[in-house]
Amino acid sequence: MNDMSTAEIAATTAPAKITARNVQVYYGATHAIKNVSVDILDKAVTAFIGPSGCGKSTFLRCINRMNDTISVCRVEGKIEIEGEDIYDRRVDPVQLRAKVGMVFQKPNPFPKSIYDNVAYGPKIHGLTRNKAELDEVVETSLKKAALWNEVKDRLASPGTGLSGGQQQRLCIARAIATHPEVLLMDEPCSALDPIATAQVEELIDELRSQFSVVIVTHSMQQAARVSQRTAMFHLGELVEIDATETIFTNPSHKKTQDYITGRYG
Amino acid sequence: MPLVLIFAFLAVLAVAGYVLGRRRALASADGNIRALHSLPGYYGWHAVVMAVIPAVLALAVWLIVQPLVIERQLSGFFPPEIVADDAQRTLVMADVRRVAAGLDVAVAQGALTADQADRIRTEFGSVRDRLAEVGVALGAEVTPQVLAAAQDYRALAAAGGIGRTILTIVIALAGFAYALMVTNKDFRARNRVESVVLALLVLASTIAILTTVGIVLSMLSESLRFFTMYPASEFFFGLTWSPNFRGNSELGLAPLLWGTLYISLVSMIVAVPIGLFAAIYLAEYASPQTRAYVKPLIEVIAGIPTVVFGLFALVTVGPFLRDWFAQPTGLGNSGSSVMTAGIVIGILNIPFISSLADDIINAVPQSMRDGSLGLGATKSETIRQVVLPAALPGIVGAVLLAASRAIGETMIVTMGAGAAAKLDLNPFEAMTTITVKIVSQLTGDTEFNSPETLVAFALGMTLFVITLGLNVFALWIVRKYREQYE
Amino acid sequence: MSDIIATGAAVPARPKNSILVEDKLMKKRNAAEARFKAYGIAAIAISLATLAIMLWTIFSDGVSAFRQATLTFPVTLDAAKLDPQGARNPADLVKVTTVGYGTLLTTAFRAHLQEKGVSTEGLDDKAVGDMISKAAPAQLRDSVLANPSLIGTTKDISVYATGRIDGFLKGRVTMQTAERDANVSPEQLQLADRLREAGILKLQFNSGFLTNTDASDQRPEASGLGVAIIGSLYMMALVALMVLPVGVAASIYLEEFAPKNRFTDLIEVNISNLAAVPSIVFGILGLAIFINFAGLPQSSSLVGALVITLMTLPTIIIATRAALRAVPPSIRDAALGVGASKMQTVFHHVLPLAAPGILTGTILGLASALGETAPLLLIGMVAFVANYPAGPLEGGVMDPATALPVQVYSWAARSDPAFIERSSGAIIVLLFFLVVMNAIAILLRRRFERRW
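Chains as they are written, first to last, in this note's numbering: chain A, 265 to 529; chain B, 136 to 621; chain W, 40 to 491.
Just so you know, these hints were derived from the structure itself, not from any lab.
Using N, Cα and C, we set each Cβ at its ideal position, and we do this for glycine too.
Some hints here could point you the wrong way.
Only part of the chain B face toward chain W is listed, based on derived beta-carbon distances under 10 Å [unchecked claim]: (1) Ile199; (2) Ala249; (3) Gln251; (4) Ala252; (5) Glu357; (6) Leu417; (7) Val435; (8) Lys514; (9) Phe592.
Footprint (simulated), chain B over chain W, 3 or more residues, beta carbon under 8 Å [as the list claims (entries may be wrong)]: (10) 124-130; (11) 149-156.
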């Protein structure tokens, strides 16, 4: 499968934002990610699909080194963002995560006000010089996350008081307030109802103009709706990656075919 | 009959009841167990329950009532003004009991015959000396009334003893007979036994309430007695504490309350940062192996008796602070001080705060940490700005509970804080606390009729109210914050 | 989603930095991170260091209490002095007081020194005799009264040296302190040095520390923990006897039978609040209810046990309920399903399964009760008790006694520094019992740990 990915990548023309080569992940004795090589493009949405436990979330968490927080987890291979190896000894994961933001499966607003939730990132990264700038960042981010109109009158109330969909959009606003270059989303709609899901999907589509977005999803339809490129994972291996249209209309692997037609999942 | 023998009798009756009840039930069913309503053992237990429990209850009631009745009977020996005055009556009755006990000892040792004990008169020589010979020390010479009352007391107690024995045995036998009478194959022995057992279970669980009632009533009644002798306003608002057993005491709460709060404050300044940081390190930074060793080690501190900390304060911390801080800076010359007691109580409270805070921090969902780390926050930023605010209610609760422990701590302050009641700001001065004064006013042979002794109950009540208030407040805060985040 | 179009461009963009280079702000943030972590390590280091210092001081102060300076020399138990009638009649023997035995001892001591050629220069006869503990004559008298056949024999005996000499051998008393001390003179210390060389004076293991009763201020060397250990033992046995049935019964009711109503709510709130009431309040309760109202004897282990039972009960109930809750509902369902009554289910199935947990909790509760001091001070257990309480069947629980932690306190309150050593030694004994109890609890937990 390794030779495959090189060929596939060669076929893409746009510049890669992130390149991963021969990535292996171990959880203690378990080999969770096996030799995955993948390119992720700038200003595009890449979807990771595959049956549960296939390693797509694990791989996503490697991209901003969230796996560092798990003590038994070990990562090998190379992941570069704009040519810089993120597993280089000199890299501070904190700086990396400012560049590669993340939105999680379950909305996890901080026990703070809506305003403070969004202002958190800019504050710790020292992005603003004064309160006016911070207000500006908060407002812009909430607007980008399509939440501004709903919360502008109650910025001081706790973020935990919002509905599930609003909370997830708050988390997206929080992530984009730090001005990341890449946005990782780990099944961002799995805890949301269909209406909220639609809102978030629409939002993802719009975010594409500014960020490189990687989304892990269980839903085939979602991948088809929001992504330009789709990567299929199975049992810790990358089956194939291609333009979304190609994957869904003319996959080159039988496993992908079976998965997208619902034979297993 | 002494109590031991009564209980022995009940035990024998119980065994007999079990055997006979069981046999009778089986006999009524012609040996066919299946014809019985309950298992044969239940019929046995039913007999046991019926023979023992009513008898024991009756015995308990008798034991409580008898002294009250005797005391009323004996009041005839004394002038009404003594009987009317609570304090004097208690004093006289205590004398009577002591002389009576002395006569008992004398009879037991053969220094007096039973007859002599009943007829001995003060006119024939010193009763005190006679009793001293057999090792019963009396404070003052025995007055004729007291002696007569004591002799009457012995007679009444002896009569009471006989009545008690008869009553218990009769009730036990009656219960025994009743149980055997009703025993037949259709009797629902299991249901009866089970409802008795259930009643016992309920009784056991009400002991907690009885304890609280006992605490409140005993302290309240004695405090009220105190306030009849000493004005409440002077107790609560007085600025001087100088008890004097010859009278003219000033018993102001303020210096004690100040000492208590000051020492608790120092202890919290020690315990909160250390306990909290230890908890943070253990919960967020330490590897599982480190945690497995360090956490139990810190909890060892909590398992050490407070008197050990008291000795540590007295022998090590006090002299150290005096020689290295108080004397060089000219702030004091005493090993006992607010600092000594405060620091040592602080050490005692470290494991309390750290293990509570550890639990609370661990309860903060991991997703919250991930959210912050995913935004590029460092670990400490995550802890300070996300984890701690989320854990705040629990931590505030833990801190308040620790404060209540510090306020109620006794041994460390008794050994390390000193005995001087003053309103002072210098932490290297010896000061004293509510608990120290409770101990000092109540230890030793004191009669409970002077304000200097009874003040301890008012102090106890104050302490109880403060700590209870803190606990309730702590729980309320926790609940309020929880609701906010739910 | 028209919001996006409205977005102003005024927000300052994040500077595009290499992730390989630590920028200035990052340096600051990482320094803060390192500081924060260091605070945590410091907090743990301080806690553990304090624990270590405390245990070390206690042990180094206390371990010497188990060794005592003793003088060994032959004594002739002269029949003419001890039993002038010669009938060995106990009534006659009792008439010879400790003073008589004292003279006997000091004379024998001086004679032995002369024989061994130990110079007593600069000391009068009394000062030489004062080297022997004031408790020694009474001990000799007791052993003679217990065994009158000793009279007339000559026997090597070991008696305690006085506390000051003991302190000299242990380094607590020096020539300098002796000069300012009315109880000992430098000359006596010099004599002690010579006695040590002659092999008459030495430090020996002192079993008396565990068996002797308490002794007065002037005789620290003779004081021991006997009464305190017995008192603590009586109390713990009584507490276990009372707290286990009541605690288990209350827990069973609350956990298995109690309906959810105001009454049970009240009990629950009560139990959790009682667990946080300062221990001294229970002392006041004991004084008011058990001593003043019920008229039980002061200083007795029975009253101590009652107070500690009430105090420990909430802890035991909390632990027992946790143990009962750990038994899975499936077991109750299974028993109920075959037609057992609720009561049978609980007593035949749930309780046996919860027993190890209950026992562990009880032992831990007792361990913390063993160290409890404050309430016992109020019920008079701090009084000086010179006699052993009677046996448990002879009503010994009603006799005055003291308890280990209280003994620690009352020794620490005495003025003679020799008692600080005793106090620390008592803590060693107390901690030994605590360690044993905790070890048993841990073993029980390991042995019976069960996971469903």
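Inset, instruction - List, from low to high, the hint numbers that the structure doesn't satisfy. - result: Violated hints: 2, 3, 4, 10, 11; rest satisfied.
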